[in-house]
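**Q** In case you want the letters, here they are:
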Amino acid sequence: MNRPAHWLVRLYPKAWRERYGDELQDLIETEGAGLRAHYDIVKAALDERLFDRSSLRAGQGTPIRGALALTLRTPSAIVPLIMSVVALLLVLSTVIAFGTPREGDEGATAHLFQLLIVGQLPFLAWFHIGRRRAHRVAAIILHVAALSAAFCPVWYFGL
Amino acid sequence: MRSIYDVVEPGGFSDPQYLVLASLAAGPKHGHAMLDDIEQMTGTRLGPGTLYGAIGRLEGQALIERLPEEERRKPYKLTDAGVSAFAAKTATLERIVAAAAPRALVR
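Taken in order, these protein sequences are the chains called F and E. The first sequence begins at 845 in the numbering used here and counts up by one. The second sequence begins at 29 in the numbering used here and counts up by one.
The following block holds chain F by itself, in its conformation from the complex (with noise of 0.2 Å):
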């Protein structure tokens, strides 16, 4: 196995390599690989990234249901997931325990709160390059759901 071919390939996203991925490795293989090579295949794999160009077939492409199933068991879209949930636990707990504080201070909750949203920010990125639309959609609908949930109480109680 060409090492360099391989981690050539590697630049694709997962979904575009399980198709493509022998196919070029064998051509790169074949031609041998130059600069003008390698810089044509990091600009090609670099837009599969970021532009998602559907490189499979209608009906290979993930359906929104598909795809949120498929959110569910990816961790950098669970993890913003669970601080949303956090944080929204920690508003109610805060408000069940000792009501609707409103000093001039906001205090190691709000603090905490923030913290929890600001966090989801560098996992929610590492999520969104190199999904699929579908699966990017999919997160979306789901995170906007969670972070709204979080907001609720602090819209709601004004905090």
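No lab work stands behind these hints, which were simulated from the structure alone. Remember, predicted model here, so these are calculated numbers, not experimental data. Glycine is no exception: its CB is placed at the ideal position from the N, C-alpha and C atoms. Some clues are possibly wrong.
[Unchecked claim] Examples of chain E residues lying across from chain F (beta carbon under 8 Å, computed):
1) G55
2) G59
3) G77
4) T78
5) K102
[Stated by the list, open to error] Computed list of lysine-lysine pairs in DSSO-like fashion (alpha-carbon distance at most 30 Å, straight line):
6) E:K102 <-> E:K117
7) E:K57 <-> E:K117
8) E:K105 <-> E:K57
9) E:K105 <-> F:K858
10) F:K858 <-> F:K887
11) E:K57 <-> F:K858
12) E:K102 <-> E:K57
13) F:K887 <-> E:K57
14) E:K102 <-> F:K858
15) F:K887 <-> E:K105
16) E:K117 <-> E:K105
17) E:K102 <-> F:K887
18) E:K117 <-> F:K887
Chain E: place on chain F using the hints.
**A** Structure of chain E alone, referenced to chain F:
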């Protein structure tokens, strides 16, 4: 009214995609054979990434399809939709060339 992109890229495919269609119009081929054929047609050798980007998009548009593997190589062929798309784009290009060629001589 058709958009300019429908005229330049009927069926929404780019130059490398058109070249792949043109290559496969002469018969089924695997990637390496397509590169050789395209080089013979145009004098330019496509990069492997460009070739497989085009193959992926054409397969996604159901304009080409993969045939059973032959000696570890996977050939592709035009689908009926691919034959029509290739004919439509070629006709458009012929019209453009017919109109543009005399102008290229005017100086």
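**Q** Are the hints correct? Go through all of them and say.
**A** We went through each hint and held it up to the structure:
The beta carbon of G55 (chain E) comes no nearer than 18 Å to any beta carbon in chain F, farther than 8 Å, and the hint placing it at the interface is violated. For G59 (chain E), the shortest C-beta to C-beta distance to chain F is roughly 5 Å, which falls under 8 Å, so the interface hint holds. For G77 (chain E), the suggested interface contact is upheld, since its CB lies about 3 Å from the closest CB of chain F, less than 8 Å. Hint status for T78 (chain E) relative to chain F: holds, with the closest Cβ pair at about 6 Å, below 8 Å.
The criterion of a C-beta within 8 Å of any C-beta in chain F is met by K102 (chain E), whose closest approach is roughly 5 Å, and the hint holds. Between K102 (chain E) and K117 (chain E), the direct Cα distance comes to roughly 26 Å. Compliance with the 30 Å bound is thereby established for this hinted pair. Between the alpha carbons of K57 (chain E) and K117 (chain E) the distance comes to roughly 21 Å, so the proposed pair stays at or under 30 Å and holds. Proposed proximity of K105 (chain E) and K57 (chain E) is supported: the alpha carbons are some 7 Å apart, at most 30 Å.
Straight-line distance between C-alpha atoms of K105 (chain E) and K858 (chain F) comes to about 24 Å, which keeps the hinted pair within the 30 Å bound. For the hint linking K858 (chain F) to K887 (chain F), the alpha-carbon distance of about 16 Å falls within 30 Å, and the restraint holds. For the hint pairing K57 (chain E) with K858 (chain F), the CA-to-CA distance comes to about 25 Å; that is within 30 Å, so the pair holds. A threshold of 30 Å between alpha carbons decides the hint, and for K102 (chain E) with K57 (chain E) the separation of about 8 Å falls inside it, so the pair holds.
Between K887 (chain F) and K57 (chain E), the direct Cα distance comes to roughly 24 Å. Compliance with the 30 Å bound is thereby established for this hinted pair. In summary, the hint linking K102 (chain E) to K858 (chain F) is supported, as the alpha carbons are separated by about 19 Å, within the 30 Å threshold. Straight-line distance between C-alpha atoms of K887 (chain F) and K105 (chain E) comes to about 26 Å, which keeps the hinted pair within the 30 Å bound. The hinted pair formed by K117 (chain E) and K105 (chain E) meets the criterion: a straight-line CA distance of about 17 Å does not exceed 30 Å.
Annotation: proposed proximity of K102 (chain E) to K887 (chain F) holds, straight-line Cα distance about 23 Å (limit 30 Å). Using a Cα cut-off of 30 Å, the hinted pair K117 (chain E) and K887 (chain F) holds, with the two alpha carbons roughly 26 Å apart.
In summary, the one numbered hint that this structure violates is 1.
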